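> Heads up: the sequence shown runs through residues 1 to 222, numbered per the working numbering.
You may find that some hints are simply not true.
[What the hints assert, rightly or not] Each computed DMTMM-like pair below joins lysine to aspartate or glutamate, with the alpha-carbon atoms no more than 20 Å apart:
id : residue 1 : residue 2
1  : 140       : 82
2  : 150       : 81
3  : 66        : 77
4  : 150       : 82
5  : 32        : 58
6  : 66        : 182
7  : 70        : 82
8  : 140       : 77
9  : 102       : 91
10 : 32        : 116
11 : 105       : 93
12 : 102       : 116
13 : 150       : 162
14 : 140       : 81
15 : 150       : 74
16 : 117       : 100
17 : 105       : 119
18 : 70        : 81
19 : 25        : 44
20 : 70        : 161
21 : 102       : 119
22 : 140       : 68
23 : 150       : 68
24 : 32        : 119
Bear in mind the hints are in silico, worked out from the structure with no lab data behind them. The structure displayed is predicted, hence computed values, not measured ones.
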Amino acid sequence: IGWSKFKPNYLPEGIISTNGRIEAKQIEIASKTSGRISDVQVHEGQMVQAGNVLVTMDNQQLLAQKLEAKFGVEQAELAAEEAEAGVSLRESELALATSELKRAKTMYQQHVISQEKYDQAQAQFNSATAALRLANATTKRSHASINAAKANLQQLDSLLEDTTIRTPITGRVQYQLVQPGEVIAAGGRVITLLDVSDVYMTVFLPATHVGKLTINDEARLI
Numbered sequence: 001i002g003w004s005k006f007k008p009n010y011l012p013e014g015i016i017s018t019n020g021r022i023e024a025k026q027i028e029i030a031s032k033t034s035g036r037i038s039d040v041q042v043h044e045g046q047m048v049q050a051g052n053v054l055v056t057m058d059n060q061q062l063l064a065q066k067l068e069a070k071f072g073v074e075q076a077e078l079a080a081e082e083a084e085a086g087v088s089l090r091e092s093e094l095a096l097a098t099s100e101l102k103r104a105k106t107m108y109q110q111h112v113i114s115q116e117k118y119d120q121a122q123a124q125f126n127s128a129t130a131a132l133r134l135a136n137a138t139t140k141r142s143h144a145s146i147n148a149a150k151a152n153l154q155q156l157d158s159l160l161e162d163t164t165i166r167t168p169i170t171g172r173v174q175y176q177l178v179q180p181g182e183v184i185a186a187g188g189r190v191i192t193l194l195d196v197s198d199v200y201m202t203v204f205l206p207a208t209h210v211g212k213l214t215i216n217d218e219a220r221l222i
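Let's have the full structure, built from the sequences with the hints guiding it.
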């Protein structure tokens, strides 16, 4: 009461009275994928650290797909082992056919065997050569299948990681925009954060004082 009665009705030179508001940069956190909200682990007003979990989404279907993808990788690796074993077999057959052809050629030149026998050895060699090329091609395809299966598994791991939504910054939860059980689309906003490291104030000055300001003038809040 005393202060209200005896306070001066004017401000000292260089000091003005005005109003403004303190603001902070807003960060909209959204989901990369569509799905059902499983859990919201924060509440409005809560401080969170960078990397903290904000929201988790239902991932049961993705987990089942990941299990199937793991089986796909195992099957592709088994197929590659079979293909490599086939290459070894065809290489042995080609080595034998090469030896037989060489022997048949010598015997044919010495008139020991007929043209027909020599042609048979040549045909066996050609067949073994083609079989080895096919086995090598099958091996390449099987390795490509392994790479494709692993890429699919890696993609599912990435999608699973996206079902856990984390904060990229340290800040304060301003708005909780979803509830457990809600279904959202890809890009749907879930949390609004305030970046407390980027706080600023917008001040509104009377027109009579604005003209007295110059660039780089300093202001202090009292």
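> Sort out which numbered hints this structure fails and list those numbers smallest first.
Of the numbered hints given earlier, those the structure breaks are 6, 10, 22 and 24, listed in rising order.
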